[in-house]
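Going down the list, the sequences are from chains A and B.
Counting from 1, one number per residue, gives the positions in the first sequence under our numbering.
Counting from 1001, one number per residue, gives the positions in the second sequence under our numbering.
Hint data in this document are derived by calculation from the structure and do not stem from the laboratory.
Check the hints yourself; a few may be wrong.
[What the hints assert, rightly or not] Far from chain A by the CB rule (all over 10 Å, computed), these chain B residues:
#1 Glu1043
#2 Leu1051
#3 Gly1108
#4 Asp1149
#5 Ala1202
#6 Arg1209
#7 Asp1210
#8 Ser1215
#9 Met1275
#10 Leu1331
#11 Ala1396
#12 Ala1403
[As the list claims (entries may be wrong)] Label pairs and their in silico Cβ distance ranges:
#13 A:Gly129 <-> B:Ser1363: 34 to 42 Å
#14 B:Ala1299 <-> A:Met81: 45 to 53 Å
#15 A:Lys25 <-> B:Lys1091: 46 to 54 Å
#16 B:Gly1011 <-> A:Gly90: 37 to 45 Å
All residues carry an ideal CB built from backbone N, CA and C; glycine is no exception.
Letter by letter, the chains look like this.
There are 2 protein chains.
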Amino acid sequence: MPEFLELLPPGKALEKLLAHLPEPKLASERVPVAEALGRVTAEDIFAPEPLPGFDRSTVDGYAVRARDTYGASDTLPAYLMLAAEVPMGGKPDFLLQPGQAALIHTGGMLPEGADAVVMLEHTQQAREGEIEVLRAVAVAENILRQGEDVDAGALVLPAGTLLRPAEIGGLCALGLSTVTVTRPPRVALISSGDEVVPPEQAANPGQVRDVNSYSLSALVEQAGGLPARYGIVPDRAEAMEQVITRALAENDAVVITAGSSASTRDLTADAIQRMGEPGVLVHGVNVRPGKPTILGVCAGKPVIGLPGNPVSALVIAHLFVRPVIRRLSGLKAGPRDPVVFGRLAVNLPSVAGREDYLPVTLSPDESAGYRVEPVYFKSNLIFTLAKADGLLHIPAAVTGYEAGATVRVLLI
Amino acid sequence: MPEFLELLPPGKALEKLLAHLPEPKLASERVPVAEALGRVTAEDIFAPEPLPGFDRSTVDGYAVRARDTYGASDTLPAYLMLAAEVPMGGKPDFLLQPGQAALIHTGGMLPEGADAVVMLEHTQQAREGEIEVLRAVAVAENILRQGEDVDAGALVLPAGTLLRPAEIGGLCALGLSTVTVTRPPRVALISSGDEVVPPEQAANPGQVRDVNSYSLSALVEQAGGLPARYGIVPDRAEAMEQVITRALAENDAVVITAGSSASTRDLTADAIQRMGEPGVLVHGVNVRPGKPTILGVCAGKPVIGLPGNPVSALVIAHLFVRPVIRRLSGLKAGPRDPVVFGRLAVNLPSVAGREDYLPVTLSPDESAGYRVEPVYFKSNLIFTLAKADGLLHIPAAVTGYEAGATVRVLLI
């Protein structure tokens, strides 16, 4: 199964892959909110009660009837009788009468009869038991009404929401201490190539250590998936098919890093093709690095063949494996790929007609946000990537950039 | 201990805090590389061997002596005798003689005598056992030399490096299966306020649930720290001091969210002040939200007092808690705060003389990268923050932005 003659650009290739994936049937589980960081909600979450639960003051000051302050100024203050102090954490046990004010702290519950709060700095002490109000307040001023954040019954987090610190805080505010989230998708990682040995093994001349199983495990973990390593498969069709069959049965997605030679890559493509319909959808992508990428769907599950070179494998995993994990997690919106823009420090030639991803460093730049500089080194070396902050994206139509151009960088 | 009269801008306040922190004595531990994602190296790491370990072909083709191809072209090919095929994963057991070529796959080890590789597509079969070379190659062309990625003994990852997928791959490539990393800093989280109840408890009128302990736990976890929750402390000096003393002894940093009223905040500041020299360094920061922030150092450990409002607490934690965790982790460079720039969709007024952080959503914008739109809602509500993608940063000198302005957004 040789590469297709017409290479798809990465965006189109991803679209094709996602279009062939069935709507995921997501397994879910209930977890404590305190342990839910980075998980994705599996169902719509509604507010069981209004937030805030009562009318609250947003400042330190005096609860008043707004009309009692109309016309008040520094030169002509309004005089109000001090009725009581609102206790923090309790319900005021008094009714505010016309002409009265009650001392209230930020977050305190508004007493019945009051409809606004005057800030402390706009008052001063008059006689014992009396205050001067130096500025008028409107009804509802310095107050947060019951339900003003969310009404009881409101949809607060739709299914498919990523739980960040703010969402976790919101769930706690509503008294929800557990949350139903999708199970993280299991992603099988298979390395292949007769020259590849496990990293803990001494590499003889001609052998290289398995980098991809571990760098891709880390990438899968970062993207919210559960990596499962299936080790190194020799370059033989039966061995490859056996492992892929098992990996497909036990996981939600399968990622294979092919050996680096063309024949091994073909072996991988042939194996994927035999795993079930529709099989290989994309064989070869118009991108550098990563041209010999294979995208397929077998038995409703995505199967991705990555190039053997560790840098190519990581770049392509950013473009295809991350979005697939997002889809399998049920994530509806964000997180977007972490992309920043910056100003290129040097002239940069490129071949038109192909997307390029180039390792770059970022440094602060007052006017453009970031100064973007290529890592000057052979770009397919793993420690070149380790020196980089991101991958500069050069679209297919661009023949090169001049120094000073605004460019797009995918953070890694 | 009232707020200081002169409020520092957030950047200066952070500088002051970090300047008073002693150089951290970092505890370290040895962990498997496969479990080291997101950790920070505790010592310089040197390459125990060169990478690659041998001269490798970077293409599928024929290993040759470059001089044998000089002058070769489509019309005047060079004829070379096929000597052998280089086995993948092994050392070639032959010496390439002048006038010979050896079939080699990408990643294959260069046979002795060869000094370049001709790409397969620049050759064609001649007679049995002979090939035509259609293009000349220079010495070292299509070859990666032993040590070209890293030399044996080279510093590959300095102490203080964050381990991302690329670094993890690099360590595997060198056969390093464990790595010495710093222990994640333990960060104590203390909530205070008589009105605050645990999130699993029914909130009576006047009470609010503890949001900050959980949203900040998540933020600490995200930043690479180990959160330790100390629950809710009543607004009494002795109680507060007891808990802070215990938290200081058991952790590397202490974060207290003060009750929302001014008196509780003063209580927190007083307690910090009594915990040891130098005590409170900053009391009040020129930022909105988050003005009543307290920064201190006691017994060599950072103590941070955050405002009680959950949105203010999270914004301020981004500005101060994250950098402190980075420092305590021994992180030398990156990750930078994830900052993006975009084009503002609306006019936006602001008060000059104070930094503002405003919840915004981001959507794709072809020309500017992102379209930035404020979340139209009271900005200190937790579900407003949950709807936001980031915080728009308005510097102190800016009185407002016009629609179309390029603005800076801190991702949350």
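For each hint, the structure was consulted:
Distance to chain A confirms Glu1043 of chain B as a non-interface residue, since its nearest Cβ pair spans about 16 Å, more than 10 Å. The Cβ of Leu1051 of chain B sits about 7 Å from the closest Cβ of chain A, inside the 10 Å cut-off, so the non-interface label is violated. The claim that Gly1108 of chain B lies off the interface is violated: its Cβ sits roughly 7 Å from the closest Cβ of chain A, which falls inside the 10 Å cut-off. Not every Cβ of chain A is farther than 10 Å from the Cβ of Asp1149 of chain B; the closest lies at roughly 4 Å, contradicting the non-interface assignment.
A cut-off of 10 Å between C-beta atoms contradicts the statement that Ala1202 of chain B is not in contact with chain A; the least separation is 7 Å. Remark: the non-interface label on Arg1209 of chain B conflicts with the geometry, its nearest Cβ contact in chain A lying 6 Å away (cut-off 10 Å). A beta-carbon of chain A is positioned within 10 Å of the beta-carbon of Asp1210 of chain B; the least distance is around 7 Å. For Ser1215 of chain B, the requirement that its beta carbon stay farther than 10 Å from each beta carbon of chain A is not met, with the minimum near 3 Å.
Distance check on Met1275 of chain B: its Cβ is at least 24 Å (rounded) from any Cβ of chain A, clearing the 10 Å threshold; non-interface status holds. With 10 Å as the threshold on Cβ separation, the claim that Leu1331 of chain B sits away from chain A holds: the shortest Cβ distance comes to roughly 14 Å. In this structure Ala1396 of chain B is separated from chain A by more than 10 Å, as the shortest Cβ-Cβ distance comes to about 16 Å. Every CB of chain A is more than 10 Å from the CB of Ala1403 of chain B (nearest about 19 Å), matching its label as outside the interface.
Take Gly129 of chain A and Ser1363 of chain B: their Cβ atoms lie about 56 Å apart, and the range 34 to 42 Å is violated. Distance hint check for Ala1299 of chain B and Met81 of chain A: the Cβ-Cβ separation is about 49 Å, which falls inside the suggested range of 45 to 53 Å. For Lys25 of chain A and Lys1091 of chain B, the hinted distance range of 46 to 54 Å is satisfied, since their beta carbons lie about 50 Å from each other. About 40 Å separates the C-beta atoms of Gly1011 of chain B and Gly90 of chain A, a value consistent with the hinted range of 37 to 45 Å.
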